[in-house]
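**Q** Each chain is listed here by its residues.
Number of protein chains: 4
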Amino acid sequence: MKQYIDSQLTQAVHRALDGFQIEVPSWGFANTGTRFGKFIQDSAATSTAEKLQDAGQVHALTGCCPTVAMHVLWDFPQGVESVPETMAAADMYGVRIGAINPNVFESQIYKHGSLANPDPNIRNEAIRHIEDCIEIASRTASRDISLWFTDGSSYPGTASIRERKQLFTDALATLHGQLDGGQRLLVEYKPFEPAFYHTDIADWGMAYILAKAAGPQAKVLVDTGHHYQAQNIEQIVAWLLSEDMLGGFHFNDRRYADDDLTLGSIDPYQVFRIFAEILGYEFDTRQPADLAYMVDQSHNLKNKVEEMIQTAVNAQELFAKAALIDFPQLREHQRQARLVEAEELYRAAFFTDVRHAIREWREGKGLPSNPLDEFRESGYTEARAVERGRRNRAQTASYA
Amino acid sequence: MKQYIDSQLTQAVHRALDGFQIEVPSWGFANTGTRFGKFIQDSAATSTAEKLQDAGQVHALTGCCPTVAMHVLWDFPQGVESVPETMAAADMYGVRIGAINPNVFESQIYKHGSLANPDPNIRNEAIRHIEDCIEIASRTASRDISLWFTDGSSYPGTASIRERKQLFTDALATLHGQLDGGQRLLVEYKPFEPAFYHTDIADWGMAYILAKAAGPQAKVLVDTGHHYQAQNIEQIVAWLLSEDMLGGFHFNDRRYADDDLTLGSIDPYQVFRIFAEILGYEFDTRQPADLAYMVDQSHNLKNKVEEMIQTAVNAQELFAKAALIDFPQLREHQRQARLVEAEELYRAAFFTDVRHAIREWREGKGLPSNPLDEFRESGYTEARAVERGRRNRAQTASYA
Amino acid sequence: MKQYIDSQLTQAVHRALDGFQIEVPSWGFANTGTRFGKFIQDSAATSTAEKLQDAGQVHALTGCCPTVAMHVLWDFPQGVESVPETMAAADMYGVRIGAINPNVFESQIYKHGSLANPDPNIRNEAIRHIEDCIEIASRTASRDISLWFTDGSSYPGTASIRERKQLFTDALATLHGQLDGGQRLLVEYKPFEPAFYHTDIADWGMAYILAKAAGPQAKVLVDTGHHYQAQNIEQIVAWLLSEDMLGGFHFNDRRYADDDLTLGSIDPYQVFRIFAEILGYEFDTRQPADLAYMVDQSHNLKNKVEEMIQTAVNAQELFAKAALIDFPQLREHQRQARLVEAEELYRAAFFTDVRHAIREWREGKGLPSNPLDEFRESGYTEARAVERGRRNRAQTASYA
Amino acid sequence: MKQYIDSQLTQAVHRALDGFQIEVPSWGFANTGTRFGKFIQDSAATSTAEKLQDAGQVHALTGCCPTVAMHVLWDFPQGVESVPETMAAADMYGVRIGAINPNVFESQIYKHGSLANPDPNIRNEAIRHIEDCIEIASRTASRDISLWFTDGSSYPGTASIRERKQLFTDALATLHGQLDGGQRLLVEYKPFEPAFYHTDIADWGMAYILAKAAGPQAKVLVDTGHHYQAQNIEQIVAWLLSEDMLGGFHFNDRRYADDDLTLGSIDPYQVFRIFAEILGYEFDTRQPADLAYMVDQSHNLKNKVEEMIQTAVNAQELFAKAALIDFPQLREHQRQARLVEAEELYRAAFFTDVRHAIREWREGKGLPSNPLDEFRESGYTEARAVERGRRNRAQTASYA
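Protein sequences appear in the order of chains H, Y, X and Z.
For what it's worth, my numbering labels the leading residue of the first sequence as 1, then goes sequentially.
For what it's worth, my numbering labels the leading residue of the second sequence as 1, then goes sequentially.
For what it's worth, my numbering labels the leading residue of the third sequence as 1, then goes sequentially.
For what it's worth, my numbering labels the leading residue of the fourth sequence as 1, then goes sequentially.
Calculated directly from the structure, the hints in this document are not laboratory data.
Be a bit skeptical, because a hint or two may be false.
Each pair may be met inside one copy or between any two copies, as identical chains are not told apart.
Said to hold, decoys possible - Below, a list of computed lysine to any residue pairs in the SDA-like style, where the Cα atoms sit at most 25 Å apart:
hint, residue 1, residue 2
1, Lys111, Arg338
2, Lys365, Gln21
3, Lys365, Asn392
4, Lys111, Ser369
This structure is a prediction, so every number in the text was calculated from the model and none was measured.
All chains should be built: construct the whole structure from the sequences, respecting the hints.
**A** Written out as structure tokens, the structure is:
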């Protein structure tokens with residue numbers, strides 16, 4: 001009997017994993033840090049090609065990370081002209097180009113904002129940059145352009161909140177007009193940092209209103225680290241799904257602010273609940289939730305490739321657990337307000353150990369059963385440290 | 001020169017106060033408390049008529065609280081039939097009936113929710129209650145029906161968030177259909193308490209979506225205590241104003257959760273900033289922001305009438321300060337990104353002492369220059385304590 | 001090979017459970033609620049004896065809840081004189097009296113505080129009540145007197161924080177002088193509610209200073225719900241352990257404030273980490289952490305006995321998981337700063353499914369393998385509802 | 001009569017300002033930013049001498065910033081050997097060297113911590129650096145060595161919290177042994193950033209225990225931005241004062257995390273309450289609170305010297321307001337639990353406009369009545385931009 005249940009469970013896990021992929025970000029392989037500095041890793045990627053090489057390694061070992069989110073400015077230094085070279089590199093390393101992320105925050109001109117800058121010339125510059133990104137996305141066959149804006153203000157009274165909202169509304173409508181038929185604008189929100197008093201797109205409600213106004217190909221992007229403390233993220237996911245306005249995720253974890261830690265490292269049950277809302281939506285509507293799962297983390301302390309492998313494995317485990325929920329029974333319990341029964345059923349899925357079933361899935365795919373061990377034994381880090389070390393050590397930056 | 005400026009300032013303050021009114025809640029005059037108990041005041045109101053008597057006292061002394069928000073169940077025990085008696089009492093005490101607040105949370109039937117209860121009979125019961133409230137509002141000539149729902153769940157997995165959203169959407173549309181031409185449904189949001197895991201209408205974005213779906217007479221109600229910590233409330237106000245979706249406020253203050261403390265007692269600068277967004281909207285659009293300013297506080301420790309007078313006075317002071325902002329100059333600074341200049345101008349309004357100008361305004365209206373002192377010297381509390389003391393002391397309730 | 005590992009794991013789980021007990025609170029079986037009301041359960045306990053009967057049921061089914069925390073005022077209505085009757089009831093239902101909890105917050109005299117009340121007569125009254133509790137504890141052979149104070153203020157400027165600190169210091173020293181040799185004063189802290197601006201004992205640092213000043217038998221009590229959002233509770237546990245100042249826990253869970261939800265229902269990984277700090281302390285020091293594990297929850301929605309069984313089972317599972325941590329290896333990884341290895345080892349314990357091993361432990365003890373199912377099938381709730389229903393339905397209380 | 005009161009008020013303000021000084025940080029004049037980048041100002045200081053020059057400008061205009069906190073590593077690049085040159089520069093610009101701030105976080109060796117690093121060689125290196133700082137402080141006649149540590153961990157399970165506590169205890173005792181008779185170690189705490197899971201010195205209780213263990217010349221340093229949301233900072237101040245364990249402050253403001261904004265720019269009433277606790281302590285004990293008031297801000301957007309002048313002016317205004325509190329009357333109200341009276345008295349001080357009295361004080365001291373206007377008209381920024389512009393523009397750093 002137990003054998004039979006285990007076999008059902010194993011099948012459910014395998015089915016879930018067959019349909020689960022998560023995109024890794026190119027910037028997760030470079031040396032990044034906090035405002036107080038970066039701890040340099042010799043083996044970190046120092047170029048677009050190296051980032052793709054590392055991403056290729058993650059995919060080769062996990063089988064679930066076939067695409068790489070790219071950051072224009074850092075990854076396409078010549079803009080559109082960098083596309084062929086970048087695509088060739090991706091191809092060489094066995095990955096594809098994923099979401100395209102504009103950068104309208106690092107240049108000195110963006111000190112007072114990008115699309116909501118009070119200066120129309122700077123606004124136009126920002127629009128042109130994003131239009132270039134849309135063009136890049138067309139050439140790389142990327143569906144999603146991910147928009148994160150740092151626009152806002154740090155002191156009360158220094159900005160007209162409503163005027164800036166209007167500027168965003170207008171600019172996003174313009175940008176929406178540039179999209180190919182299949183492309184999507186994903187509008188990200190964040191409550192604070194680096195704008196400290198008000199951020200123009202501070203929460204999901206603001207992203208929703210702007211995306212709605214921009215047009216049907218604009219959706220909301222949920223970064224799990226971009227919420228107020230204690231906010232119920234899975235409820236936001238459920239609402240956006242029900243409004244057909246959820247485009248995807250930037251996954252990471254945090255204890256306090258936007259700490260960009262490994263997915264599920266602080267609150268794994270929360271990630272499970274997010275996946276549970278998505279799978280519950282699919283169960284109820286009998287249609288797939290067409291979402292982009294992406295990682296957005298900053299790896300300052302752990303080996304970058306190791307942390308990305310950990311991330312992919314965590315995501316698989318938590319997704320597989322959510323796939324074990326008996327939704328027909330859960331919905332019945334909910335309808336009858338059988339609280340304890342519903343909760344026990346839900347928790348049972350979370351507390352089921354899916355690791356063995358996942359190892360089996362890997363073996364069936366010809367993947368290493370433990371990608372992290374395999375990676376460590378491969379000598380990859382040591383080899384890259386030799387190749388890239390000098391370039392990495394040349395980087396320095398002081399807080400003050 | 002200084003004299004001239006002071007005189008301008010005084011005129012600006014007087015103009016602001018002429019247009020400023022704030023509604024007091026009937027329940028602010030009764031004994032309320034925390035889950036750990038109530039501290040009974042002998043002079044607290046024990047009936048609808050007594051609440052209106054106390055409210056009349058606040059208005060007589062401050063001149064800015066002509067209406068009283070009413071709570072159906074506590075204030076209209078016989079529902080529609082209680083209307084004539086209640087209106088007569090209001091009339092006797094020199095106030096008018098203001099917003100009508102349904103209660104679909106206290107009855108035992110609402111354990112698993114009201115409009116989103118899984119049981120259709122209970123949902124219908126809740127709808128009927130609110131329909132009665134709309135009818136009461138028609139008879140009391142009240143424009144606003146304020147909707148606060150405790151619906152939600154306290155444990156992950158025990159409720160279908162999307163299904164409950166749909167139930168709310170349907171029910172609010174039904175209720176909107178019952179409105180008179182001039183009436184409004186105000187949809188309130190709250191992130192937690194008494195539902196602890198998920199609240200069906202948890203934030204302004206959810207209230208916005210539901211109000212939008214319900215119809216053009218549904219607007220969002222902002223309770224200042226119903227936000228995540230560090231959330232920028234004035235930004236929400238600015239967005240709702242720009243979307244024509246702001247109906248009004250429940251004012252109170254708090255340090256941590258929904259503490260229902262005196263307006264401006266913890267963070268007066270925040271209240272100033274909210275008023276600044278409203279007055280800035282009026283300056284920019286040259287049209288009045290048609291908002292209901294209401295108090296929603298729980299007075300457990302201070303004398304209830306005194307705390308309400310304090311509240312009205314605080315609101316006047318902070319509104320008057322915001323009215324001193326030089327908006328033409330502020331907008332120019334903002335457009336030029338002159339951060340320090342903009343901030344200094346904005347702060348100067350907050351730090352201007354308007355109390356003398358307000359006293360003058362009161363004297364010009366035949367009101368006491370210091371309403372709180374006048375109230376204390378009147379002997380009102382002592383007289384009410386004699387009349388109402390025994391009834392108040394009969395109340396008891398234990399946490400466990 | 002796998003078999004051998006599983007058998008080791010099973011033994012580790014069984015050893016952990018043999019040493020794990022958690023105390024249930026009498027008030028968890030009575031009807032409690034939020035400030036907005038209580039949802040009455042017919043089967044809830046309405047007397048001290050009934051609370052002990054319910055607690056006895058929990059212990060009979062789980063085998064890990066032999067003691068019951070009692071609340072003087074609610075449970076010993078005649079104070080010391082109620083002791084014999086209460087002990088007889090405990091004995092009859094197969095449980096023992098655990099921690100004694102004074103109540104110096106519900107009486108009207110405590111409106112402005114108890115031990116820090118500005119009125120010396122009220123302070124003395126509070127001291128006398130706690131002295132009675134110490135006497136009760138002596139007679140019930142209870143080691144711990146748990147002190148939770150609501151003292152504080154709700155508005156800036158209304159209380160002298162330092163003067164109140166001194167009053168607490170003096171009173172706790174007096175009370176410490178009344179203790180038997182083996183007794184302990186446990187000083188609880190809480191950041192807010194029901195005092196909203198400042199709580200006299202707001203955080204662990206304040207409880208630590210007061211306990212230290214009171215004497216060697218005073219320790220700090222950690223209620224998991226009494227922290228700021230994002231605060232690292234397990235770090236506080238580790239510090240108090242290292243200072244020999246941790247007395248025990250009030251367990252519960254929450255999303256936002258002091259929501260008093262089922263242990264581990266919102267963030268099970270956090271409970272695991274707390275247990276991991278305790279077991280790590282025992283590993284490092286080779287001495288037992290002599291702590292009182294107690295539940296402090298408010299069961300407003302779920303069946304009260306069911307929720308308590310769930311709680312005990314959750315606690316066992318999370319404690320057993322923490323007991324699987326390979327501490328020698330973990331310490332070695334930590335010493336070498338092998339972050340990923342340390343984290344993977346730590347997480348592996350959390351993600352190991354211990355439920356089967358726990359069922360085996362239960363069977364070995366003659367306990368039902370699934371206590372919750374057993375309880376439901378027993379008809380206990382239905383029988384109690386018949387006996388207690390009328391008394392429960394007689395309770396009513398309105399917020400306003 | 002009113003004239004007389006005004007004159008009393010003016011005198012109280014002047015007396016308060018005569019005794020109020022606030023130290024500015026050298027790093028507040030250099031280009032700093034967030035992890036996403038720095039917005040470069042041409043006129044920012046690029047060397048220790050330039051920082052002192054700018055600080056001299058702030059002091060010349062405000063008269064209340066005679067000392068400058070220095071950061072070893074950035075300001076004393078040759079350590080002790082840099083002292084004569086630095087002191088000469090300070091002297092030239094009319095300021096003195098204030099607190100000395102070690103830096104044991106920026107070097108690559110500190111990736112896993114400084115005083116709590118698992119590697120004893122690195123711990124010794126950190127101790128040596130701080131010993132050098134103590135030596136520098138002796139030579140600069142600086143009383144305070146301010147210790148901020150980034151030590152902690154970012155992932156559960158990766159560090160032994162208790163072992164690291166012991167390492168800190170030992171190292172601080174060693175360092176305390178190096179102090180001159182009059183010197184002080186100030187131990188700062190911070191809940192998160194850049195360590196994201198646990199920070200070794202996370203809150204005031206931890207800093208208190210460590211300072212207490214280190215010796216009598218160790219005190220706690222309160223950085224107003226280093227608290228949990230909603231934490232009552234003034235209560236911590238009051239407790240530390242009553243324990244004689246408060247050394248001083250790092251002032252700044254924030255909305256969410258450690259945003260390092262201008263003092264009083266987000267919540268001015270909170271700063272007032274902190275000053276009120278200090279002045280209340282002085283009133284009650286009739287002894288001065290011997291505290292170091294220091295600014296710790298990061299000026300990314302506003303002109304750095306302007307923001308520092310704003311900061312000094314804000315601090316003066318809020319300190320002067322607190323000095324208007326009628327403490328004898330306040331204490332009497334508090335003792336009688338006259339909540340409304342106490343609160344009104346307290347708020348009246350905050351809402352009194354002290355700006356005119358401060359302008360008079362400045363004029364009496366031969367200072368410009370409006371330091372900000374004076375600074376702008378002086379052409380200082382433009383002149384510095386010419387001198388320093390090229391060096392500033394040479395700085396670049398990319399997040400990834």
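**Q** Give a verdict on every hint.
**A** These are the hints, each one checked on the structure:
Only between protomers do lysine 111 and arginine 338 lie at most 25 Å apart by alpha-carbon distance; the minimum there is 12 Å, versus 54 Å within a single protomer. Taking the closest pair of Cα atoms, lysine 365 and glutamine 21 come within 25 Å of each other only inside a single copy of the chain (14 Å); across copies the shortest separation is 45 Å, beyond that limit. Taking CA atoms no more than 25 Å apart as the test, lysine 365 paired with asparagine 392 passes in neither setting, with 35 Å inside one copy and 55 Å between copies. For the identical chains of this complex, lysine 111 and serine 369 are neighbours neither inside a copy (48 Å) nor across copies (31 Å), given an alpha-carbon limit of 25 Å.
Violated hints, in rising order: 3 and 4; the structure is consistent with all others.
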